[in-house]
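Each chain is listed here by its residues.
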Amino acid sequence: MSRSKKIALLAAAVAAAGGILFGILSRSDEPPSIAGFVYPEPRAIAPFALVNQDGKAFDLGALKGKWSFVYFGYSYCPDACPTTLAELSRAQNLLQSAGLDSGTQYIFVSVDSKRDTPRRLAQYVAFFNPKFLAATGGDDALAGFARQVGVAYSFPEGKKGKTYAVDHTSIVALFDPDARLHAVFTPPQKGEEIAEGFRKILRSGSRRAG
Amino acid sequence: MTQRNLWISLVFAIGASIPAAASAQGIQVADAWSRPTPPGVDVGVAYFVIRNAGKSDRLLRASSPVAKRAELHVSAVKDGIMKMEGLGSVDVGGTPVAFEPSGRHVMLVGLKRPLKEGDVFPLTLTFANAGPVQTSVRVRGADGLDKGHTMSPSMKH
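Protein sequence lines, in the order shown, are assigned to chains A and F. FYI, the numbering for the first sequence is 1 to 210, going by my numbering. FYI, the numbering for the second sequence is 211 to 367, going by my numbering.
Isolated chain F (complex conformation) (with noise of 0.2 Å):
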C-alpha cells in the first residue's frame, strides 16, 4: 500500500473511533450521515443535526481531513428553481439545528478519495463560543438508508 493510500485509510480507522454523537459546552452534534460518492465525482456531502443546551453559539466553519474543503450550504428552492448557497455561519439556538438533503448541507469539495457506503470519517464543526466540536460520519447506502435496509438488492464488495 502507498504510503498515501496508508494515511487515508487511517484517517477512516480514526473516524469509526470517534462517538457518534460529540459534545462540548452544550452543543451537540448527532446523526451526522453522508451519501456514498459516484465514480468521477470529488464533492460531497455531510448532514447531522446540532443541539444546544448551552448558551446561543454560531457555527463558523467546517473541516474534514477526508476532502480539501468543507463549506457551509443551503439548498432552497426559489421561484421554483433550486439554489445553493454559502453560509457565512449558522445560529445555533435552543431549537435542534438540522443540516439535511435539500436543506443546510457540509459540501465537502475535493474528497481525497471516494466515499464508499459503511465509511466512517471524522467532521470538525467549529462554534464561536464552544469552539472544535468534533463527530463522526456514517456514509450509508445511495439510496440514504443505513446498511442493511436498501430497497434494492445491494451486493457487497
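Isolated chain A (complex conformation) (with noise of 0.2 Å):
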C-alpha cells in the first residue's frame, strides 16, 4: 500500500474511532424514550395559585421536594379519566412495590372548578389511590397553570345542569424534585408503561450526575 494510502487509512480510522466515541457520549445524553416524551432540557413553570383536595394552597412550593405526577380531568369524566387514574395508580402500586416511590407524589387537577369542589374531589382521588391528591381552582389560576404544561381544556357552550362535559388534553404530566416540568406521558396510558418511563428517567439522571 503506498504511503498516502496508509495515511488516508489512518485518518479515516480515526475519524471513524471518534464519530462513534462521539455517538456513544452523545447517545447516553440523548432522553430516555418513553411513552410519551422526555423535555430535552427541564422547563421551569412560573408560580400559579389553585387549592387543593383540603381548600388549602396548592403552589409551586407544592411540586417541590418530590417527583410529581399531574393529570387534568374532571369528576364527571365517564371514560377517559377514570381509565387514566386507575393506570396511574397502578403505576403507583408498581412504583411501591419497586421501592421508587417515597419521593414521588401523585396530583388530579380538575379543570372543572364549577362542579368539583375541594371536598368532592377528597373523594373522588381517595377512591383511586389513598395516596392520590387533587387541586382545582378559579378559571384564570387553572388556564395559567394548564397552558405552562401544555394542557388545553373547553366547555360546551351554553353549559347548563349537571352533565355537560369536557374536552381535554389527557395527559400525565412529571414534574421533577424542582417543579420543572421534565417529561409527559401521552394517552393512552398504561400503568406498565408509566412505571417503566419513570425508572429509565431516574436512571438516565443518575448517569448525567456522575
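Everything labelled a hint here was simulated from the structure, so no lab data went into it. As the structure is a computational prediction, the values presented were derived from the model and not from experiment. Just so you know, even glycine gets a beta-carbon here, dropped at the ideal spot from N, CA and C. Treat the hints with care, since some could be wrong.
To be verified - Covered by chain A, per the in silico footprint, the following chain F stretches (three or more residues, Cβ under 8 Å): (1) 249-256; (2) 284-297; (3) 317-323; (4) 342-354.
These two chains come separately, so use the hints to put the complex back together.
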C-alpha cells in the first residue's frame, strides 16, 4: 500500500473512532424514550395559585421536593379520567413494589371547578388510590397552570345542568423535585409504561449527575 | 329496607341472572364490564364487545334500569385533546365492534345508586334489525381488573 493511502486509511480510522466515541457520548445524553416524551431540558414554570383537596394552597412550592405526576380531568368524566387514574394508580403500586415511590406524589387537577369542589375531589381521588392528591382553582389560575403544562380544555357552549362533558388534553405530566416540567406521558397511558418510563428517567438522571 | 332500595336490589339480582353473553339474530354482546363509581359521582360507563354473525346491523341506543339514561359515546384524541362525542348509531358488520376504555363506550347518566365492584346489572342494546339485546354487565375493580386480580390489597366490604 502506498504511503499516502496508509495515511488516508489512518485518518479515516481515527475519524471513524472519533465518530463512534461521539455517538456513544451523545447517546447517553439523549433523553430516554418513554411512552410519551422527555423534555431535552426540564422546563421551569411560572408560579400559580390553586387549592388542594383540603382547601389549602396548592402552588409551585407544593411541587418541590418530590417527583409529581399530574393529570388533568374532571370527576364527571365517565371514561378517560377513571381509565387514566386507574392506570396511574397501577403505576404507583408498581413503583411502590420497586421501592421507588417514597419521593413521588400524584395529583389530579380538575379543570371543572364549578362542579368539582375540593371536598368532592378529596373523595374522588381517594377512591382510586389513598395516596392521590387533588387540586383545582378558578378559571384564570387554572388556565395559567394548564397552559404552561401544554394542557388545553374547553366547556361546551351554553353548558347547563350537571351533565356536560369537558374536552381536555389527557396527558400525565411529570415534574421533577425542582418543580420543573420534565416529561409527558401521552394517552392511552398504561400503568406499566408509566412506571417503566419513570425508572428510565431516574436512571438517566443519575448517570448525568455522575 | 325502603321500597326504592328493595326495587334497586331486585334490579341487580335480575342482572346477575341474565347470561353473560346474550344474542339475537346473529348479534352477540359479550364481556360486558363496568367500573365502580367514586363517591358522589352519578355517571358510570359500560364496555363490551359486539359480534355479528348475521346480516349488517346498526346499534341505535342503549338503556339500563340502573341509570336515568344510557348514551352512546366515543372518546378520541384529536390534536392532543381528549374529546367525548355522542354517537347517533354504530354500524355492526362482520368485524367485532369493541366498546372499550378510551374508545367507544356507553355512558350511564343519573345512576340510581353507586356501582360497586362485584355488582352485576342489566344493559339493553337496541339494534335496527335485531331489536333489543340484553346483556349483564359486571362491575370490575377500580383498576379495571376482575375481582381477585387487583394489584393493591383489596378490602372486602
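Quick rundown of the hints versus the structure:
Three residues within the 8 Å Cβ limit are the bar, and the stretch 249-256 of chain F against chain A gives 6, so the coverage statement holds. Counting residues of the stretch 284-297 of chain F whose C-beta lies closer than 8 Å to any C-beta of chain A gives 7; at least three are required, and the coverage claim holds. Restraint check on the stretch 317-323 of chain F versus chain A: 4 residues with Cβ-Cβ distances below 8 Å, three needed, restraint holds. Coverage of the stretch 342-354 of chain F by chain A holds. Counting CB-CB distances below 8 Å, 3 residues qualify, and the rule asks for three or more.
Violated hints are absent here; each numbered hint is respected by the structure.
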